[in-house]
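Read top to bottom, the protein sequences are chains A, B and C.
Here this note's numbering is used: the first residue of the first sequence is 33, the next is one more, and so on.
Here this note's numbering is used: the first residue of the second sequence is 3, the next is one more, and so on.
Here this note's numbering is used: the first residue of the third sequence is 10, the next is one more, and so on.
It is worth saying that the hints were derived from the structure and are not from the lab.
Since we're looking at a predicted model, the values are computed, not measured.
Even for Gly, the Cβ is constructed at its ideal location relative to N, Cα and C.
Treat each hint with caution, since some may be false.
Now the stretches of chain C that chain A is said to cover, found in silico as 3 or more residues with beta-carbon under 8 Å [what the hints assert, rightly or not]: (1) 168-174; (2) 199-210; (3) 225-232.
Mimicking BS3-like on lysine-lysine, the simulated pairs with C-alpha atoms at most 27 Å apart in a straight line are [to be verified]: (4) Lys-318/B with Lys-178/C; (5) Lys-93/C with Lys-175/A; (6) Lys-231/C with Lys-147/A; (7) Lys-506/A with Lys-357/A; (8) Lys-422/A with Lys-346/A; (9) Lys-292/A with Lys-269/A; (10) Lys-335/B with Lys-165/C; (11) Lys-165/A with Lys-147/A; (12) Lys-352/A with Lys-292/A; (13) Lys-43/A with Lys-198/A; (14) Lys-340/B with Lys-165/C; (15) Lys-312/A with Lys-407/A; (16) Lys-184/A with Lys-85/A; (17) Lys-178/C with Lys-107/A; (18) Lys-93/C with Lys-335/B; (19) Lys-292/A with Lys-263/A; (20) Lys-85/A with Lys-104/A; (21) Lys-231/C with Lys-85/A; (22) Lys-178/C with Lys-123/B; (23) Lys-318/B with Lys-165/C; (24) Lys-506/A with Lys-211/A; (25) Lys-198/A with Lys-107/A; (26) Lys-263/A with Lys-198/A.
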Amino acid sequence: MGANDEMLLLKAEHIKISFGNVHALKDVSLSIRPGEIHCLAGENGCGKSTLIKIISGVYQRDGGTIEFNGKKLDKITPIDAINMGIQVIYQDFSLFPNLTVAENLALNTEVASGKRWVSWKNVRKIAEDAVSKIHLNIDLEAKVGTLSVAQKQMVAISRALMFNAKLIIMDEPTTALTKKEVDALFKIILNLKAQGIAILFISHKLNEVFEISERFTILRNGEMVATGNTKDLDDSKFTYYMTGREFENKKFLPAKVSEKPIFELDDLTSPGSFEHVNIKLHGGEILGITGLLDSGRTELALAMFGMLPASSGKIIRNGKVVEIKNARDAIANKIGYVPEDRLSEGLFLQRSIADNIIISEIDHLTSKGIYDRKKRDREVGNWVHEMEVKTDNPENPVTTLSGGNQQKVVLAKWLATKPEVLILNGPTVGVDIGSKHDIHVILQKLAEDGMGVIIISDDLPEIVQNCSRVDVIKEGRIVGEFSGEGLNEAAILSAMM
Amino acid sequence: MKKRIVVTLLTASMFAALVAGCGSSGGSTASSGESSAQASTSASQSTASESASAAASTAASSAESEAVTSTSVSSASGTASDAPAPGNWSDEEAVKKAVDEQWEIAVVPKDSTNPWFVRMKAGVDKFASDTGVNCYQVDTGTIDATHQAQQVEDLISQGVDAICVVPVDIESMDPILKKAKDAGITVITHEGADLENVDYDIEAFSNAGYGAFLMQNLADAMGEEGTYTTMVASLTNGSHNEWADAAVAYQKEHYPNMKLLEENPRVESNDNGDTAYNVAKELIKTYPDLKGILGTSSFDAPGVARAIQELGLQGKFFTTGTGMPADNAEILKSGVVKSLTVWDPGKSGEAMVDLACKVLAGEEIEEPLNLNVDGYTAMTRRSGSDTVFEGQGWVTVTADNCDSFGF
Amino acid sequence: MMNNKLKKIFHSNEPYIFLIIILLGVLVQIRSGQFFTGNNLVDLFSALIVPGLFAIGEFMTLLSGGIDVSFPALASLSVYATTKLLLDRGYQGNVIAAFAIAIAFGAVLGALNGFLIGYLNLNAMIVTLGTSSIFQGLMQGTLRANQLSTIPAGMKTFGTVPFISATNKVNGLTSVLPYTFLVLVGVCVLMYLVLHYTIFGRGIYAIGGNASSAHAAGFNVKRTKFIMYIIIGMIASAAGICRTCMMQQMHPTNMLGMEMNIIAGVVLGGVALTGGSGSLLGCMLGTFLIVMVQNSMILIGIPTTWSDVFVGAVIIIGVIVSALQSNRYEKVRTSKNKEAAAK
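Please work from the sequences and hints to get the whole structure.
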């Protein structure tokens, strides 16, 4: 133990903090070795963010000890943390979208220097030095607001490196990145490790944890439930530590598939997005559509729901050709759509959970022009119960819910319209494991009850577990179909690439 | 002795009434729509000019074109020449009685600190010292509708004989005036044409009459020839547009050598001197033939004057409009503007008290009403109203008299 | 690289607003033959002085992510108090004392805004609506403000003596640009330097871009806002003095209500209501466009009845043009990102 201690960069033990009556962290310990990639995992609200904020000096702990670089620290201020070499890259990157890359990189240094005047020459020099550390090729005069998420992240990392960082904490850095961008990020993380910088990588994505980290710590409800070497960890253990629940990841097997297809795409084409797409969906089936980010999968999803109508080809419902030119047409044809970006497309964030659920069936709650409040409340109560939405009061704004529960609300909203075809685009993106499992159970049950479900996702384990048939789309065309024995991750992945 | 005086006075007043009656015998009663009391702009609230424009906006347009025709522009008072010259209050039977009976007449202004109403107080005080009538103006402090209502209530409980009010807020004043009337107190108002619970309301002039008077001033400055246009605070301002309409009508009838600018017959100043200045410059640039602007709001003529000064057009380009004498002393004395027009709150104060005496004395109030005050000697009923009387109480302000008003 | 820079210029609002100004100028020229004349341009620049100064202040608040609707009342109060003070003392010296006193008053009043918005972190719109009422109340209630029809001689001289005068040979009209124009130029240059070359100025941009990041980066967000509102109060008061000098009288309520057109002009110039983006050049161009529209209505021959509609239409067209071009830019950008991702 003693020998180990000397090797530790950060040793935080028995950390406690409470906000009012809420014990956000009850007894959490975290140790990080110099130059290691450590993954901190846990579901939303488990205390991950609180822990980072204590380490970086934003919050003051109520109890416990912290040692950094062998030095006991009684109180940490944000400036202390920076001076000791702790840098946090938050999910929003704390960048200034209205300023140039160069200024974003240099501003902190300039402010810290206590100068009153800005030397633009100096700004440029600081910025050039900063990007050269990670060999970042970027236009320093571009406004940060015009960059892609991945580029912004690189700018944030470059900025973090300017302060002789010994520990860089990354808060869910892969959330908005494509697979390629994640790979590029991981390369940089490994590069940093090679320079002796330790990385605390916060994530709840299983595959990432396995791919990048050497050691892990998992929190649940403000307590540390496990820590150790990643190689000793496996899927089911990870899930158990995260949720405290054992899930049987039930492989979906279609029970009663309708004889005739209920929803077909016949030679659907939208130039530049997808071409000659033919798809048949039977009731009781879960069809997966997967592909890379730019494969046209999202455009296809939007076309099916009428939000981005295709230029040629047919959409057939129960054997009849239907015109779907907008979302209203789609709903009229009993097609539901759960969008990719639930925050901007799927929910009215400021409105209550209840209002969000009943929004699309408001016509049914109105009799003779009068809004039936009682019926509405009954309806809302049913859905909250059925979907297991975790809330004290359905009249609270949707924003009070976690990502997973928000997604359940979106789902409830569509199910309330009683669709026969349900299209889901990235149904569990940004959703915690527990809710993800709940959503999968719901989808499987819906299919068992005869609904036709289409899941569009690049989460291969999800696809494999839940779909009875999978179409792979690549560069706008369906390039393969998998089912039965042939339905496995490796096969799908090779078709995607 | 007494009897003889009474008889003489009666005869005199009958004679006066006869003469005044001739003056208005042919009075056309071209009625306009109800002009709104809110026509004055909010931007100038609580300033003297607001009071002025509010007064004008409550005046309707039962035009007295004959009376206007004969109005002598050069006379400072602007009183119609065939209207009787004011007589002596002390010769009035009613005033005599007021002194004998020791009637108490209180005048409640909007804002006793405002120079406009300081001037009104001077009129009330003059009436008191000339006649010995117990009349006075209440010290209200700054403009405040609630406070004014409270003061009227106090006067009711003190049991004064007549209350003369220039109301801040019509809505809240009306029910209180009802209390006063119920208590047997005589109620006279000024700039309160929409009030119901009054014996009489007096207004300085009709909109049409004032418009014609404005045109006389402009024509005088322009030598009765050349192209002109009109300026109002906004096209939706009731009284300003009525003045301007009447001015144009008067020009068409009386000044054949003057011409309204057809391309742009009416422009807006937004009750803002700077806008008036910029609009005037633009007009002068665009229309080389333009020689004059007839302003209505108190911001118009001063703003135009600034443009005349800057562009070096003194003596070539002319303007007139409503204007407070003290505020505009400089442009009048420098000769940029020959004359402005205004009405005198002192006269309104005198007229209210005199009318109060008449009502208290139980005299019949008939048109033409002569209150023995310049501009208030041949007052006529506003068409459609029993209680509102309108005079010809406009005044020309020139370099010579601008210092004598005290406001 | 050069090409890149050129592209960036056309991604910003300024060239488009400039284009609208030129087009409108040509329209006025065709209709009246009076636009490109010395005296007309002098008239426009002289009409720009006061709105221009106010716009600089508004530009800063919008940059920081706030909004200020109190500056007309603030300027009215401080300038009324200053002019009254000087008149009561019988002061006849030059204008510097007037500027000094008014700017001092402006700093105090601005500090009230700054304290409430910066240190108490209250909503800028609500605070300035409130302080606007307070300033008007102080002026009309406590100071019993009335029109001051004479102003000290020094102020009058400053507002009327020509810095530039231009005579139109055709009609012989001579327009005067007073020295107050130099105040506008001076404040413009000064604020450009402050916003570009001081940490304080960059702080305003940073706060507008992302206030919590600015805090994390080490800016004293509260103090920066506080000082900024003080400066805005000072600029507004200087503008008020300029206006009073030029009008040769002080009317306490005449400036009220200017805020909406000022905000419209600044936003038209490409300054985002959400804070953080926009340039001083754009702000001045947008304000100039508004001033120009207001002062060209008669020259173009728009009937008075339609003038408000025309002003509104120009504002809407301006906003549409800038929205269209930024949308186009956005599209180019996302497709580029896609390309990058596909690689």
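Consistency of the hints with the structure:
1. 168-174: violated (count 0)
2. 199-210: holds (count 6)
3. 225-232: Held - the stretch 225-232 of chain C has 4 residues with a Cβ nearer than 8 Å to chain A, which meets the minimum of three.
4. Lys-318/B with Lys-178/C: Roughly 17 Å separates the two Cα atoms, so the pair holds.
5. Lys-93/C with Lys-175/A: violated (49 Å)
6. Lys-231/C with Lys-147/A: holds (18 Å)
7. Lys-506/A with Lys-357/A: Holds, at roughly 25 Å.
8. Lys-422/A with Lys-346/A: Violated. Lys-422/A to Lys-346/A sits at ~41 Å, over the 27 Å cutoff.
9. Lys-292/A with Lys-269/A: violated (42 Å)
10. Lys-335/B with Lys-165/C: holds (17 Å)
11. Lys-165/A with Lys-147/A: holds (25 Å)
12. Lys-352/A with Lys-292/A: holds (12 Å)
13. Lys-43/A with Lys-198/A: The given pair, whose Cα atoms are some 14 Å apart, holds under the 27 Å limit.
14. Lys-340/B with Lys-165/C: Measuring from Cα to Cα gives roughly 22 Å; hence the hint holds.
15. Lys-312/A with Lys-407/A: Not satisfied, since the Cα-Cα distance of roughly 37 Å exceeds 27 Å.
16. Lys-184/A with Lys-85/A: holds (22 Å)
17. Lys-178/C with Lys-107/A: violated (78 Å)
18. Lys-93/C with Lys-335/B: With Cα atoms ~23 Å apart, Lys-93/C and Lys-335/B stay inside 27 Å; holds.
19. Lys-292/A with Lys-263/A: Distance ~48 Å between Lys-292/A and Lys-263/A Cα, so the pair is violated.
20. Lys-85/A with Lys-104/A: holds (18 Å)
21. Lys-231/C with Lys-85/A: With Cα atoms ~22 Å apart, Lys-231/C and Lys-85/A stay inside 27 Å; holds.
22. Lys-178/C with Lys-123/B: With Cα atoms ~54 Å apart, Lys-178/C and Lys-123/B exceed 27 Å; violated.
23. Lys-318/B with Lys-165/C: holds (24 Å)
24. Lys-506/A with Lys-211/A: holds (15 Å)
25. Lys-198/A with Lys-107/A: holds (19 Å)
26. Lys-263/A with Lys-198/A: holds (24 Å)
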